[in-house]
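Whole structure, please, built from the sequences with the hints as guidance.
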Amino acid sequence: MTDLKNPANFNFPHAHLSNDDQHALLDLPTQWVRTDDELYELIDEIDSVDVVALDTEFIKRDTYYPILALVQVNTGKGIYLVDAPRLDLTEFWQALCEVPSMVWYACGEDLGIFYLLANNPPLTNVFDVQIGVAYLTGKLQVGYSQAVSEILGVALDKGESQSNWLARPLTPEQELYAVNDVRYLLALHQAVVQALSDKQVLGYVNEDSTLYAKELYDTQHLSDDKLYLDHVAPTYTRQQLAVLRGLTMWRESLARAVNEPRSFIIGKQPLREIIESLPTNMKDLAYTTLNRSALRRYGAEIIRVIKEAKALPQADMPAKIPVYTSKAKPFRHALDEATDAQARLLNIPSNLLLKGRWINELMYHVYQGLPIDDTHALSGGLQGYRHAWVVGTVLPLLYEHEQSIRDGFDCGAKM
1 MTDLKNPANF NFPHAHLSND DQHALLDLPT QWVRTDDELY ELIDEIDSVD VVALDTEFIK
61 RDTYYPILAL VQVNTGKGIY LVDAPRLDLT EFWQALCEVP SMVWYACGED LGIFYLLANN
121 PPLTNVFDVQ IGVAYLTGKL QVGYSQAVSE ILGVALDKGE SQSNWLARPL TPEQELYAVN
181 DVRYLLALHQ AVVQALSDKQ VLGYVNEDST LYAKELYDTQ HLSDDKLYLD HVAPTYTRQQ
241 LAVLRGLTMW RESLARAVNE PRSFIIGKQP LREIIESLPT NMKDLAYTTL NRSALRRYGA
301 EIIRVIKEAK ALPQADMPAK IPVYTSKAKP FRHALDEATD AQARLLNIPS NLLLKGRWIN
361 ELMYHVYQGL PIDDTHALSG GLQGYRHAWV VGTVLPLLYE HEQSIRDGFD CGAKM
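Residue numbers for the sequence shown follow full-length UniProt numbering, so the first one is 1 and each next one is one higher.
It should be emphasised that the hints constitute simulated quantities derived from the structure, not laboratory data. Predicted model only: the values in this text are computed from it and were never measured.
Mimicking SDA-like on lysine to any residue, the simulated pairs with C-alpha atoms at most 25 angstroms apart in a straight line are:
1) 327 to 397
2) 355 to 384
3) 355 to 340
4) 307 to 281
5) 355 to 330
6) 283 to 312
7) 268 to 289
8) 60 to 256
9) 355 to 328
10) 355 to 201
11) 139 to 158
12) 214 to 67
13) 226 to 272
14) 77 to 27
15) 327 to 401
What follows is the structure, given as structure tokens:
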């Protein structure tokens, strides 16, 4: 792939902070926001700037709903620690929705909380610096502290990440950790944006940040009857899919009602075992790895859901989902070459141009026999800057192997 064949082209930019710059960041005033008046002052400051850097600290060890403990904000004028449990943040969320650019680092969990609490449409003002770093380095999961170290030349202590953020007062170590999570984020953002601009790929990162924000929104708002799709195996029958759908819907409703994590009710492994064995009584259910507490509390309900799902008319059971199960991918070499060539043309790492899940989606497009230009139903990642290449190169290449792709899907359908 491009980022591996040409490592010199994809490295961390070096924008190490001078001593004066470091001192300026260390001297940024830091303020707790604990009252409504302090919050309104912060909102006014957010309204006056074009870019804010953000992070959150939350607890989600034994609850369904995350408990937001702290929001860290860097406006460039000061750093603010918002004491979330004490405040109504409705107007704060709205102000952030309206700021021209919200800067985050690895914003997946943060935006999940944002969407849960703010009740806003998909955000279009998000810049995820981690995505920018990926476009510069070809590395998909570079952590914040590593990015700050490599790019800005500043070493950060990440030792407080799993501490109790609901405790008040925070320890000095916790407070320093929280402040540092945003203290350097604007400077990191500026360095990454400059490097992306120099490579003429900033637009791609803006597009993918917005795409990621939309995907997180869609995940947050996924209807309960679609949750089972995350747990489907190619071998599941329609009856097993019906049970899976029933159990995931029941589990989600219960988890919300009692405010417990899904795994406290049925974890991934016991869920898989239940779907594979379809127990009809408590004795059989006890042979799974379902924890003993959940078995006592919910066992009878689980058996009821299984029996009801199995009794559904065939027409009301979920359809089998075609899955490409063949190990043969005769198009793989040609697709890799086409991806590398396009990535070189765009000056981006090839592992960001075409992800595995998008390849599967395009293979399914071929399996369905849809016209090459009938791409309106493709996911957002295959639209935008990738779209013309997908239509002009990738789909024609895959259609050259249409029969083998169909056979690969049929292999799964017959199981």
